[in-house]
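Let the hints inform the model, and build the full structure from the sequences given.
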Amino acid sequence: QLLSFSEIDSSHEAYSKLNENQPSLSFSEIRSEFQRQLGSSLEDNFATFNPIGTSASIGQVHKARLHDGRQVAVKLQYPGIRQTISYDLKALGWLMKPLGGLKKGFDVASYKQEIGESLYCEIDYVQEAENLDKFSSYLEASRFGSNFDLQVPNVLDRLSNREIITTSWIEGDSISSILDWDIEERRIVSENLIELFLKSLLEWGLLHADPNPGNYRFFKTDNRPSMGLIDFGCIKEIDTGFRARLISSIFHLEERSLSPSECLEAFQHLGFNADLINPIKASLPQVIETLRAPFLSPSRFDTRQWRLSSSLKESLGEHRMNFRMAGPSDLLFILRSFQGLTQFLNALQAPVDWKPILQRIDKIPTIAAERSQPVADHSVEERPEPASDTLYIRVEENGSLKTSLSFASQATDTLEDLMPNEVRQRIVRQGIDLGRIIRNAQKSNYAPGELFTLNHGPKSVKVWLD
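Start counting the sequence shown at 4; every next residue gets the next number (our numbering).
Think of the hints as simulated: they come from the structure by calculation, not from any bench.
With a straight-line cut-off of 30 angstroms between C-alpha atoms, the simulated BS3-like cross-links for lysine-lysine are: (1) Lys66 with Lys223; (2) Lys316 with Lys465; (3) Lys284 with Lys115; (4) Lys115 with Lys405; (5) Lys223 with Lys137; (6) Lys284 with Lys465; (7) Lys358 with Lys223; (8) Lys137 with Lys358.
This is how it looks when you write it as structure tokens:
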């Protein structure tokens, strides 16, 4: 889902209320855990404590009232969650399954590290408190519209540690409850959601990357639309150089057409694998135009008409898997946050003019020097111009396309690495000599033609040069 820019409407299960998930800790377990962690009882610290909590992915949240009358949220981590996450990370082979085992070019280790670092930060509530303090300081120094109020909670340090975090309580309703607000009120919310995303990404370099609808609370302050943002366990920090490259490639207002080579360079600067996107570079101008559609719109842009997923599918065709596999892990949580934004905008049904919002962002200047720096070289060594441009791998099942990948023709040199072990074993059993096929392709300077076809029951794998 993260890798495919999938579109989810407001009826999707992701929009269900957070409290539909039942907590795992009983009240007696909560009492024991609180005493063990903080050395004092619930009664010592709270006048009231609601024993019925709500699930919060790696823990559960309870509403309580301090003896001084303040309402607070107490989040307790599930015991043993760190070990569970370790097991889950070891099982991240699922990332490969949608690719049919084709592993060459997809940096699984980088994605695993990105996800792992995020999860381990999320289970460290001291880190979450630091994230919240950073975010609060940026928020205080920024100005959102006078017709909108954005709130984040405060941390109570004396009732927090690495496995328990206590914050001020933010009252509010879910997004589904404000869909009957006046359209102009919903438009104000939409504008400020966009501004929050762009400020966080391009100005602050600190992005709230958990767009679970349960982390957003909506209400009115003096009849002004207002929003509370909670749960700062999953935060993505974006360095200055990467922000500059995002701005120069996508988040700008210049109406200029880029050549396929310029688009290829832009994606390479963002960290895309050159071998994977070079065969589809002719499609990249349309991809960038699709991604930049909100900023190019002459009027209010309706995200419901964007059809981002299907538009990219149309642009990239059967080689869209190349684009998904080529992306750097740095984009993973940025895309997660962006998908959350578009889901909210689709639900609010209040089209917005994105241009003036982007103009208000105090963006770091695009760094011209970035483009003069060498792009990371993922390509194979230089050789004479090959006779064919592209190596194609096509997987079908029962006559239907399952996976289609394309690489620069010289990737034929690593054809054995492109095949998962199971497929290599079947190739050997059918008497296909991959080593000989590779040597012949090299001798012919990668002449166009079929390299081999492997049939196994309802599945077939066809590999050719063209």
